[in-house]
Amino acid sequence: MANQLNSKTDAEVVESVLLEAVNLALHYEMAHDESVVVLGEDVGTNGGVFRATAGLKDEFGFKRVMDTPLAEALISGLAVGMATQGLKPVAEIQFMGFIFPAFEHLFCHAARMRNRTRGRMTCPMVLRAPFGGGIHAPEHHSESTEALIAHTPGIRVVIPSSPIRAYGLLLAAIRDPDPVVFLEPKRIYRGAKQNIINNGEALPLDTCFTLREGKDITLISWGASIMETLQAADALAEKGISAEVIDVATIKPLDMHTMLTSVARTGRCIIIHEAVRSFGVGAEIAAQISEKCFLNLLAPVQRVAGFDTHMPYFKNENFYLPNTQDILAAAKKCFSE
Amino acid sequence: MKYFKLPDLGEGLSEAEIVEWHVKVGDTLKEDQLMVSVETAKAIVDVPSPQAGVVAGLFGEAGDVIHTGEPLVEYEGENDDSGTVVGDLSLSDHSQNNAQDDFIVGSAHSNNLQSIKATPSVRALAKRLNVEIDHIKGTGQDARITGEDVEKAAQLDQQRGQSEPLKGVRKSMAKAMIQSHSEVVPVTLHDDVDVHLWDKQQDITMRLVHAIAYACEQEPALNVWFDGKQLSRRLLNKVDLGIAVDTEKGLFVPVLRDIQNRSLENLRLGLNDLRGAVKSRKIPPKEMQGASITLSNFGTLAGKYANPIVVPPMVCILGAGGIRDEVIAFEGKACVHPILPLSLTFDHRAVTGGEGARFLKALMDDLAKADTE
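Those protein sequence lines, which keep their order, are chains X and Z.
Letter by letter, the first sequence follows residues 1 to 337 of our numbering.
Letter by letter, the second sequence follows residues 1 to 373 of our numbering.
Any given hint could be a false lead.
Derived DSS-like pairs: lysine-lysine, alpha-carbon spacing no greater than 25 Å straight-line [what the hints assert, rightly or not]: (1) Z:K127 / X:K292; (2) Z:K137 / X:K292; (3) Z:K127 / X:K239; (4) Z:K175 / X:K239; (5) Z:K127 / X:K332; (6) Z:K137 / X:K215; (7) X:K215 / Z:K127; (8) Z:K117 / X:K292; (9) Z:K229 / X:K239; (10) Z:K167 / Z:K279.
Rather than coming from a laboratory, the hints here were simulated on the basis of the structure.
The whole structure should be built from the sequences, with the hints applied where relevant.
Given below as structure tokens:
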């Protein structure tokens with residue numbers, strides 16, 4: 001990370017990839033809020049298998065940066081207990097494929113705490129997990145099961161797609177009084193670098209981000225698929241088609257306002273996600289668009305998604321992941337009369 | 001530093017060609033040691049190593065072109081600790097570094113505009129009835145367009161007259177004109193020829209044909225096919241004259257071949273045959289292809305000057321207006337003489353102004369003569 005000072009705010013400007021942006025946000029919030037603690041497998045001494053928590057233990061000590069046993073149920077159970085008793089735990093599930101034992105505490109307690117106690121208690125915890133495929137990892141390391149969590153009331157699901165949004169949204173997630181599952185698209189962990197102003201300024205949750213303005217078609221995506229979506233928007237631009245690109249960012253609750261106003265104007269929509277097609281977040285968005293933009297639609301809403309199967313072993317990974325050509329093929333359908 | 005990237009070599013140059021490497025993989029470098037010579041558009045520049053280190057890799061060989069900001073040399077032993085995880089995290093493409101990330105929180109402002117509201121069945125109806133749905137004002141709930149709205153609009157539209165798709169030569173004309181308008185850079189010269197020396201028996205069209213043949217001899221640069229993509233021109237050995245023929249069905253341009261080497265009588269017979277074939281709609285398409293220059297003799301109908309349109313790959317078209325008596329200054333006196341107005345358009349991509357003007361001068365000289373003998 002190359003550091004320099006931003007001339008206007010005196011805040012440090014840090015050139016970071018998405019992974020470093022996560023690390024930067026954790027450093028910032030731990031330094032400014034003593035109630036923030038970090039726990040998970042290998043997050044302390046090792047600094048996290050991806051290095052997302054590197055340097056935290058040295059700076060903030062073992063009492064605030066805790067290595068846990070290899071037990072996800074314990075990690076989320078501990079986090080629920082800490083969160084309801086005044087701490088702000090940021091727990092790491094090493095890969096999203098390992099999250100299932102953590103669901104018990106997440107779904108049965110974290111998600112219900114506010115409702116169960118009629119608002120007297122909240123559960124300000126963050127469960128971080130790298131998710132998605134594309135890094136040639138073995139089984140259980142490449143899933144995108146955000147829809148499972150989004151289906152459960154009471155949990156926010158947030159997915160950044162750039163270093164700047166990773167920094168701003170993680171800070172917002174930690175500060176939010178309710179549980180947030182923060183899913184980090186590991187395929188672009190070390191993608192493009194951006195200059196991040198390290199001033200602790202959060203980005204808003206529960207809103208989409210419009211990455212490109214366009215008038216002919218709306219492309220909706222999140223996570224690493226944003227990369228292919230932007231490439232598809234470029235390819236469409238060469239054909240004279242102006243595509244609006246929306247990064248959903250907060251999967252639950254959905255900011256339908258942004259998506260609906262865009263599709264009401266463009267009349268065409270493709271939703272792109274890596275997760276399996278059936279019963280996914282794309283299906284929910286498509287359903288709402290069909291209900292509320294019915295009169296504006298010029299073509300059926302398209303979904304470009306993974307196949308309805310387990311994420312294949314890594315040799316076949318690229319066949320599974322939606323690519324730019326898939327998006328362009330869907331766009332062709334939208335424009336065929 | 002893990003990668004040394006080609007620095008900005010100044011003067012706004014964005015690339016350089018590798019001339020020679022002075023180091024190889026495995027070499028231990030001192031700071032400022034000469035690594036590589038590159039040639040920019042301006043000079044050969046020696047690039048020193050910015051740091052001490054061991055060379056792990058060189059990007060490119062002599063003769064390769066490297067752009068500013070692309071990696072040139074990789075140093076050993078400075079790999080970032082990318083973790084202990086299974087799987088490969090791909091590093092960013094270097095050109096993507098410091099990628100712009102402009103985004104709007106929430107909705108784009110332009111999204112306040114609403115599009116047309118209509119159910120798919122109403123849109124399909126509009127399409128079937130050939131009605132532009134954008135032009136209909138909806139009378140339904142929330143201003144939505146109803147089936148009745150579409151039917152009304154279709155009725156109104158019918159009363160204004162039917163639209164018909166262009167076919168045949170009319171369609172070819174539209175396409176040729178669009179192509180010309182998007183490609184050609186036209187210049188039109190207008191001038192008058194005093195034809196008082198002509199006797200009454202002159203065949204005006206044949207005089208124009210003769211004059212074009214003569215002008216092409218004097219100034220061959222207008223009897224040319226021009227290729228705008230390759231930027232090449234082909235000086236043609238024969239003059240094949242396209243002659244615009246007006247018919248009810250549209251504009252036909254049959255080609256009178258090799259006008260420099262045929263007698264005017266022979267050409268007149270040929271032209272009559274072509275016109276006959278056009279009238280009876282029996283002209284084969286090949287008789288309308290391959291013209292090297294065009295004549296539009298619209299003067300038989302009406303019109304004085306024009307801005308005739310060049311059709312690629314040709315570079316020139318002559319328009320001739322009607323001969324009329326005009327008062328002109330002749331040998332110091334006002335006289336009434338018959339005047340033939342000419343409009344010559346040439347494609348300035350292929351033809352210079354001088355060539356165009358010389359061509360017109362040759363035309364006029366030939367036309368001003370009493371006859372073609």
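Now for the hints, and whether the structure bears them out:
Restraint check for K127 of chain Z and K292 of chain X: the C-alpha separation of about 23 Å stays at or below 25 Å, so the hint holds. With a C-alpha separation of about 21 Å, the suggested pairing of K137 of chain Z with K292 of chain X holds against the 25 Å cut-off. Pair hint K127 of chain Z plus K239 of chain X holds up; C-alpha atoms about 24 Å apart against a cutoff of 25 Å. Among the hinted pairs, K175 of chain Z with K239 of chain X is consistent with the structure: their alpha-carbon atoms are about 21 Å apart, no more than 25 Å.
For the hint pairing K127 of chain Z with K332 of chain X, the CA-to-CA distance comes to about 19 Å; that is within 25 Å, so the pair holds. Straight-line distance between C-alpha atoms of K137 of chain Z and K215 of chain X comes to about 21 Å, which keeps the hinted pair within the 25 Å bound. Only pairs whose Cα atoms come within 25 Å are accepted, and K215 of chain X paired with K127 of chain Z is accepted, the gap being roughly 21 Å. At most 25 Å may separate the alpha-carbon atoms for a hinted pair to count; K117 of chain Z and K292 of chain X meet this at roughly 11 Å.
For a cut-off of 25 Å, the pair hint linking K229 of chain Z to K239 of chain X stands: about 20 Å separates their Cα positions. Distance hint between K167 of chain Z and K279 of chain Z is fulfilled; the C-alpha atoms sit about 17 Å from each other, no more than 25 Å.
When the structure is compared with the earlier hints, no violation turns up for any of them.
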